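Asker: Go ahead and model the full structure; you've got the sequences and the hints to work with.
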Amino acid sequence: MTKVVDRKPLSFYERTYVPALWEGLKVTARHFKRSVQGHNTAKELGEGYYPEVPWRVSEGYRGAPYLVRDQDGHTKCVSCQLCEFVCPPKAIRITPPGPDGPPADRPNAEKMPREFEINMLRCIFCGLCQEVCPEEAIFLEDHYSLTGLTREEMVFDKERLLKLGGVHAGTQKWKNKLEEAAAQESFPVATH
Amino acid sequence: MSNAATTAPAPAAPPPVEKIRIRVDGREIDVPKTLPDWQGKPQATTMLQACHLAGCEVPHYCYHPKLPVAGNCRMCLVEFGTPVMDPATRKPVLNEDGSPKIARSVLPYEPQTPRGAIACATPISPGMELYPGSPATKQMREAVLESLLINHPLDCPICDQAGECKLQEYSVQHGQAGSRFVEAKVHKPKAVDLGPRIVLDDERCILCTRCIRFTKDIAGDDALGIVNSGSYNTIATFPGRPFDNNYTLNTVDLCPVGALTSKDFRFKMRVWFLRETRSVCTSCGSGCNITIGSREDTVHRYEPRENDAVNSSWMCDSGRLNYRWIGRPDRLQNVLVNGIKSTWKAALTEIGSRLTAAPAGSVALVASARQTCEELYLLKRLATRLGAVTDSVPREGEGDRLLVAEDRNPNSNGARLTGICYTEMGLQLPRIADGIRSGAIRTLVVFGEDVTLHGIGPDLLAKLETLVVSDILPNATTAAAHYVLPGCAHAEKRGTFVNVKGRLQRFLKAVEPKGDGRPEAEFLQELAAGLGVGGGHATIEGLFNQMAKDVPAFAGVEWAHLGDTGVNVPI
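Top to bottom, those sequences are chains L and X. Numbering of the first sequence is given in the working numbering, commencing with residue 1 and proceeding in unit increments. Numbering of the second sequence is given in the working numbering, commencing with residue 1001 and proceeding in unit increments.
Possibly wrong hints are sitting among the right ones.
Stated by the list, open to error - A few chain X residues facing chain L, derived, Cβ under 8 Å:
#1 P1157
#2 A1184
#3 W1272
What the hints assert, rightly or not - Over 10 Å on every C-beta distance to chain L, these chain X residues come out as not near it, computed from the model:
#4 V1093
#5 R1104
#6 V1106
#7 D1264
#8 D1516
In case anyone wonders, no lab produced these hints; they're calculated from the structure. The structure displayed is predicted, hence computed values, not measured ones. We put the beta carbon where it would ideally sit given N, CA and C, even for glycine.
Answerer: Written out as structure tokens, the structure reads:
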């Protein structure tokens, strides 16, 4: 529902903006005087300003997307390439393992990316990769200040993304499946 | 089309087939009483075919128009009704309004419940009514799909079939958002090594038996079967017998789910990234129609494309896997003049002046039957202008009864029809070698062949004044060449081939040429224009139509006539 706020009509004197300007200048003068006297308002308040004190982001903030590991330290990404497909600015680039790629570092899920790159200069932090991921392997975390000296530096590779992403304990789908299979009676006739 | 070339092998008109009037979802339609089955023999028209003719697709897994009907997946269940007959008079019973009375099929012990029939195996009868869109049909589909998904793992993120999976597609159309199945799924062997080119995931299999029917009835190798019973049913090879015939990868195409996957394509690229280009396989003279799957100038796979005049829906494994050379890193990428990198303009001008200066009879030309008709036509024009002797190189191998031809050149007939070689290929090669040896031939133009393997050794090549070579990959001939012109693989250009049976087929461009490589037809036109023999066609269409005017066998054919499946030309 729309909330209507009544605004008092301004007097002629107020509409000249002179009092608003004057009030503003008074604040500036006060701060100027305090700093000349050697005070630091922010420090005294115990908070501090960016960049000395990093800005605290609120929950649900969409920062840089990073890859995460599960509680056993395994890569969660299975290289399904849905994030690459959905990514509007084409910032994500995945190299699938191919037929003779390295085996996955987690049991049961046979597939894992050979390389996973996110170009943070292209990323628009929309969060579609996180939304589309069927493995809960990519999350937009709270990093908002991404800087680098070259363009190449801003293309984050798999190792860097995994290191920055940290651990995200969730459902271990493939592990659970393996345990479920192991708990079943042995297969009637071993065919192969 | 009214031209001679395309109507020459016109088959005798089939005898008129009797029509049956039925109703599909209330709409009256006349369908033929019989239609060709997978072997082409006339068989009673099925409900599925009738629905298809009425423009109504019935979902199915085990049915395939090129395979014998099995009827085991039950996905194509359709509710139907038949006209009621008076038992005494054998006449249809009529409603009050005069229309025939229809009895909907119901369960015998439960007359309120509709009973469907599998549309793939149930023949139609006169007056029958099919209800592919009815609520009962819809419910039957949903129930069948739910039961197929009971033991199906949610492997989609790691499954190569995702994106072209019938189970995924029908789940979107007829499935439910969540599973009602709370029990543990039956787990079966995964990543089973079935043969040199096939991986089997038993959990994903829905037991449609398409693969079994294909290898038994089409490939003629009864290698696959089902073992164990009930929910433990598993596809398996016979003990000690690998699944290794030359047609195994067709089962991967046929598999409606991700149970059978190709080792070559395994985990290589998700299918939704692949751009599909209609092309023709170059591994033998059969000219199987293919679809090239490529992404960003990398060819990832070949798949057969349906063409009943050539390859039905199949192709051999050896042809399918013969694509890696297109992306080989040692591809010729630079125009070389005496081994030094040059430009197209400089090299073509120099070659043009050298050829113009060459006296008649001192030039020989070896073209390849792996080149397109357009290129061979341009080469023949050049050769006529220069008075050059021309030939091509035969390439023979073992054929089989299904698709692999003994002739391993994709365009032998194109070389014959354009006049590059005689019916027997390679007759002139010894003559060319002798000519070089005696000094009569001082200039040799080679396209796409390594002549050192065919009687014109490096010692002879060293005697030449001018050796112009165009190729794709480096070899002994390109190493000896004065001028190297980098060409294009078939996937990098457009053109036409004539297969062993005289089918003229075109193929389209899938990826960009490597480096400075250019389509041969393009630079040959520039060369021909420099020598005053044609050129000037900016597009392959114009060049093809010009060639069709000049080559008698192609008379009356135009690029636009070729379509996706080609036309027959007299050979």
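Asker: It remains to establish, for every hint, whether it holds in the given structure.
Answerer: Each hint, compared with the structure:
1. At about 4 Å, the closest approach between the beta carbon of X:P1157 and any beta carbon in chain L falls short of 8 Å, and the interface hint on this residue holds.
2. For the restraint placing X:A1184 at the interface with chain L, the shortest Cβ-Cβ distance is roughly 5 Å, inside the 8 Å limit, so the hint holds.
3. At its closest, the beta carbon of X:W1272 sits 6 Å from a beta carbon of chain L; the interface hint therefore holds under the 8 Å criterion.
4. Distance check for X:V1093 against chain L: the nearest CB is about 53 Å away, which clears 10 Å, and the non-interface claim stands.
5. Listed as outside the interface, X:R1104 is consistent with that label: its C-beta sits roughly 42 Å from the nearest C-beta of chain L, beyond the 10 Å cut-off.
6. The beta carbon of X:V1106 is kept farther than 10 Å from every beta carbon of chain L, the shortest such distance being approximately 38 Å.
7. The claim that X:D1264 lies off the interface is violated: its Cβ sits roughly 6 Å from the closest Cβ of chain L, which falls inside the 10 Å cut-off.
8. X:D1516, annotated as away from the interface, keeps every beta carbon of chain L farther than 10 Å; the closest lies near 27 Å.
Against the hints set out earlier in the document, a violation occurs for number 7 only.
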